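Engineer: Here are the chains, one letter per residue:
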Amino acid sequence: MRVSRSIALVTGLGMTIAAGVTTLAVANEFPSKDVQYVIPFGPGGESDISARLQQKYFEEITGQQLVVQYMPGGGGAVGWSQLSDMPSDGYTIMGSNLPHIILKPMGKDVGFQTEDLNNVFYFHYSPDAILVRNDSPYETLDDLIQAAEEAPGTVTFSGSGTYSANDVANTRFQQLADVTTTYIPFKGTGAAVTALLGGQVQAEWGYTTVAANHQDKVRMLAVAAEERHPMFPEVPTFKELGYDMVGGAYRGMAVPDATPEGVQQELSDIFQQINQDPGFRQEMQDLGFVLMDVPLGEMDEFMAERRDMYEASARELGLID
Amino acid sequence: MELLSYALGALSPVNLGLALLGVASGIVIGALPGLSATMAVAVLVPVTFGMAPESALIMLGAIYTGAIYGGSYSAILVNTPGTPSAIATTFDGFPMAKRGDGDLAVTLSTLASVAGGLVGVLALLTLAPLLAQVALSFGPVEYFWLAIFGLTLISALSEGSTLKGFMGAGFGLLLSTIGVAVVGGDIRYTFGSQVLLGGIETVSALIGLYCIPVLIDLVATPEAHLKVDEERRGIRLREGLGHAWLGKLNLLRSASIGTVVAILPGAGGSIASLVSYSEARRAARDASSFGKGNPQGVLATEAANNATVGGGFIPTLVLGIPGTPPDAVILGALLVQGFRTGPELFTTNASITYTFVAGLFLATCLLLPLGLLIGRYAFKSIITIPKALLVPTIAFMTVIGTYAIRNSVSDVLIMLTLGVVGWLLNRYGFRPSPIVLGLILGPIAEQGFVQGFLMGRASGAIVTTFFGGPISLTIIALSVLSVFYPLLKERRARRRGHDNGSSHQEASP
Chain B
1 MRVSRSIALV TGLGMTIAAG VTTLAVANEF PSKDVQYVIP FGPGGESDIS ARLQQKYFEE
61 ITGQQLVVQY MPGGGGAVGW SQLSDMPSDG YTIMGSNLPH IILKPMGKDV GFQTEDLNNV
121 FYFHYSPDAI LVRNDSPYET LDDLIQAAEE APGTVTFSGS GTYSANDVAN TRFQQLADVT
181 TTYIPFKGTG AAVTALLGGQ VQAEWGYTTV AANHQDKVRM LAVAAEERHP MFPEVPTFKE
241 LGYDMVGGAY RGMAVPDATP EGVQQELSDI FQQINQDPGF RQEMQDLGFV LMDVPLGEMD
301 EFMAERRDMY EASARELGLI D
Chain A
1 MELLSYALGA LSPVNLGLAL LGVASGIVIG ALPGLSATMA VAVLVPVTFG MAPESALIML
61 GAIYTGAIYG GSYSAILVNT PGTPSAIATT FDGFPMAKRG DGDLAVTLST LASVAGGLVG
121 VLALLTLAPL LAQVALSFGP VEYFWLAIFG LTLISALSEG STLKGFMGAG FGLLLSTIGV
181 AVVGGDIRYT FGSQVLLGGI ETVSALIGLY CIPVLIDLVA TPEAHLKVDE ERRGIRLREG
241 LGHAWLGKLN LLRSASIGTV VAILPGAGGS IASLVSYSEA RRAARDASSF GKGNPQGVLA
301 TEAANNATVG GGFIPTLVLG IPGTPPDAVI LGALLVQGFR TGPELFTTNA SITYTFVAGL
361 FLATCLLLPL GLLIGRYAFK SIITIPKALL VPTIAFMTVI GTYAIRNSVS DVLIMLTLGV
421 VGWLLNRYGF RPSPIVLGLI LGPIAEQGFV QGFLMGRASG AIVTTFFGGP ISLTIIALSV
481 LSVFYPLLKE RRARRRGHDN GSSHQEASP
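Those protein sequence lines, which keep their order, are chains B and A.
With the first letter of the first sequence counted as 1, position 79 gets the number 79 in our numbering; the numbers rise by one all the way through.
With the first letter of the second sequence counted as 1, position 153 gets the number 153 in our numbering; the numbers rise by one all the way through.
In case anyone wonders, no lab produced these hints; they're calculated from the structure.
The model shown is predicted, which means the values in this text are computed figures rather than measured ones.
Positions of the beta carbon are idealized from the N, C-alpha and C atoms, including for glycine.
Treat the hints with care, as some may be off.
[What the hints assert, rightly or not] Reference excerpt, derived from the structure (chain A facing chain B, CB under 7 Å, subset only):
1) Pro-46
2) Leu-136
3) Gly-139
4) Val-180
5) Val-182
6) Val-183
7) Gly-184
8) Gln-194
9) Leu-197
10) Gly-198
11) Gly-332
12) Leu-335
13) Gln-451
Just need the whole structure built from these sequences, with the hints factored in.
Structural biologist: Take a look at the structure:
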């Protein structure tokens with residue numbers, strides 16, 4: 001069993017030639033075989049963990065397996081730049097992440113354009129949050145802002161990557177609160193939280209998911225969600241505090257452009273159905289995620305709205321003029 | 001006591017069977033170049049969802065332990081480290097195999113892996129919360145200095161010219177900058193090509209730089225791949241135990257170094273075995289025989305890299321910070337199973353934690369019989385398969401394995417190119433190890449430096465940021481020592497030779 005699976009993985013995408021033959025499959029019979037789910041990051045991250053949770057429910061609903069594969073590199077660029085060459089029969093889907101797919105191609109060639117990705121469904125996001133250690137002198141967001149006002153640039157934030165969700169959040173926060181902080185990019189959320197726990201930085205730009213994982217050692221000052229997260233009823237949202245910040249790392253999935261409309265809708269429906277399952281909702285909430293439904297029909301509107309926001313931040317970051 | 005009951009639970013026939021299966025398949029996967037421990041674990045994760053949680057955990061630990069150990073086969077028999085932590089195994093393992101002692105090297109690697117693995121698991125069980133604090137005391141600046149220290153090991157590790165060693169490392173550092181930079185997000189040295197966008201993946205570089213030159217040499221020369229002694233066959237366990245007994249201090253030291261260094265997320269695994277190798281060499285009387293097939297070299301690195309299994313889980317389980325990619329996958333699986341990291345590790349979560357640790361322990365013990373058995377077959381098949389069949393088989397494996405790392409054709413192209421470059425450089429006395437070391441340590445040094453610089457600027461004290469901490473100063477001192485030690489040793493040896501009046505060949509001025 002295991003060996004045959006590993007062989008399947010090895011032969012991988014490039015060898016799903018057979019997939020091309022079955023493009024004639026009628027939409028309402030979809031899916032009639034396993035669906036390859038390509039995560040454009042390495043294993044163990046939040047994209048991976050949520051895919052792993054979806055697997056079980058996907059099988060329950062469709063009777064087919066959702067096979068997770070990884071194609072990491074270039075912060076997702078390696079995977080996304082190859083999506084358009086993949087089989088467009090709906091049996092190959094790829095994780096899609098905001099703000100990555102909008103910010104990455106901005107002002108430079110990373111092998112794909114935002115438009116190349118045909119987003120089918122967006123299922124959840126990890127709201128941005130400011131994390132400090134339990135013993136931090138900053139009790140509220142105001143304490144932190146005050147410290148940043150008194151000595152501009154001395155409050156240090158760790159975060160994951162440059163031009164990433166964390167970087168964008170910090171830029172927007174600096175604008176809204178009219179303060180200057182120092183953002184220090186790390187390779188991934190794990191390294192960023194290590195720096196916070198080790199006292200290398202005063203605060204971290206993270207997510208509710210990070211706080212859920214390290215509950216005993218960190219607390220959040222504010223969360224960039226519409227409502228308070230059920231796991232952290234005592235933590236205010238930025239909106240409550242007067243800062244118009246709602247966002248984070250959004251996750252969904254995309255298919256190659258030529259995928260038939262009916263199949264796209266079918267996929268959108270399946271993932272929406274997974275999102276409704278009470279068991280799934282509880283598991284995701286316990287990990288700190290916030291579920292949402294952006295089905296195929298509402299995708300364009302959602303993307304346009306997010307794009308406007310990221311463009312403003314990108315201008316501030318100097319990524320575009 | 002509590003642990004005992006979980007350990008007994010782990011010993012149920014079903015779980016024992018799963019552990020056997022896990023270790024065996026882990027060894028096979030780990031032994032094939034390019035099929036890594038990460039992949040073995042990742043493939044298994046969905047399978048474990050259908051199992052009882054204990055069985056799932058035991059199987060994941062078993063396959064991981066097996067795969068890390070299995071990496072030593074390809075290092076010894078075809079000079080190709082399956083993972084960065086097996087690099088140093090090639091130094092003495094492959095020369096041993098060349099001269100006909102491949103079977104002994106495999107046995108030694110088995111014994112050392114079991115010893116190292118047990119030390120690592122023991123540390124995980126008893127000292128985890130304490131040792132996890134070590135991981136937190138390492139900030140960007142400490143990582144920067146650690147990477148510099150790793151680079152200075154080149155002077156100790158490179159056979160022949162130290163200058164060429166440093167040049168190779170410089171080349172490796174340059175290679176490491178290719179692709180999208182983590183800090184800054186710039187795209188560097190891709191020359192507009194999509195092939196290079198993802199950077200140079202470490203394992204595909206390992207396969208290219210180590211394995212391809214061996215294949216080219218096999219085709220270019222009429223000699224057999226490994227020398228075969230017709231008389232001495234079998235697992236040579238008695239002989240292996242003899243070496244292990246002689247090197248018991250070496251084993252213990254290497255396993256301890258492996259455990260402690262592996263606690264540092266990101267850098268640990270690959271540096272641990274290099275540090276213990278160079279320490280073993282430094283402590284040895286016959287230092288000059290290291291790198292030419294000294295059994296103690298194999299013992300040192302294999303003890304260290306299997307100790308990293310337990311050591312790496314310390315930050316993973318206590319802090320939720322995975323030390324290595326396979327750790328990250330296993331942590332993901334644990335989260336899905338309802339496990340939460342933190343202080344509940346040994347209280348609320350005790351059943352999951354103890355079962356997992358007991359599973360690792362069980363898997364490490366199973367390495368002994370399974371490793372000796374499978375190792376014997378691996379050795380036999382490598383020496384009996386005719387060269388005309390061996391070369392294409394390995395070549396095929398390298399291509400498939402490289403592709404499988406991240407489903408990328410680009411990686412295959414990069415691997416093949418680096419292979420040819422590596423072969424050419426080898427002819428001019430440049431060894432692959434410094435290049436790979438540069439490639440691995442480059443990003444750690446770069447990120448640590450930039451992050452440290454930003455931190456220093458924010459606090460207005462860049463110099464004290466870099467030279468202030470006690471850990472930084474210790475690592476700096478070690479680096480200086482590491483660079484000058486060979487010179488000092490040589491001078492001392494010369495002086496001693498002078499005093500005794502027995503110096504036959506005084507170096508001419």
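Engineer: Does each hint fit the structure? Answer for all of them.
Structural biologist: Hint check:
no., hint, result
1, Pro-46, "holds (6 Å)"
2, Leu-136, "holds (4 Å)"
3, Gly-139, "holds (4 Å)"
4, Val-180, "holds (4 Å)"
5, Val-182, "holds (5 Å)"
6, Val-183, "holds (5 Å)"
7, Gly-184, "holds (5 Å)"
8, Gln-194, "holds (5 Å)"
9, Leu-197, "holds (5 Å)"
10, Gly-198, "holds (3 Å)"
11, Gly-332, "holds (5 Å)"
12, Leu-335, "holds (6 Å)"
13, Gln-451, "holds (5 Å)"
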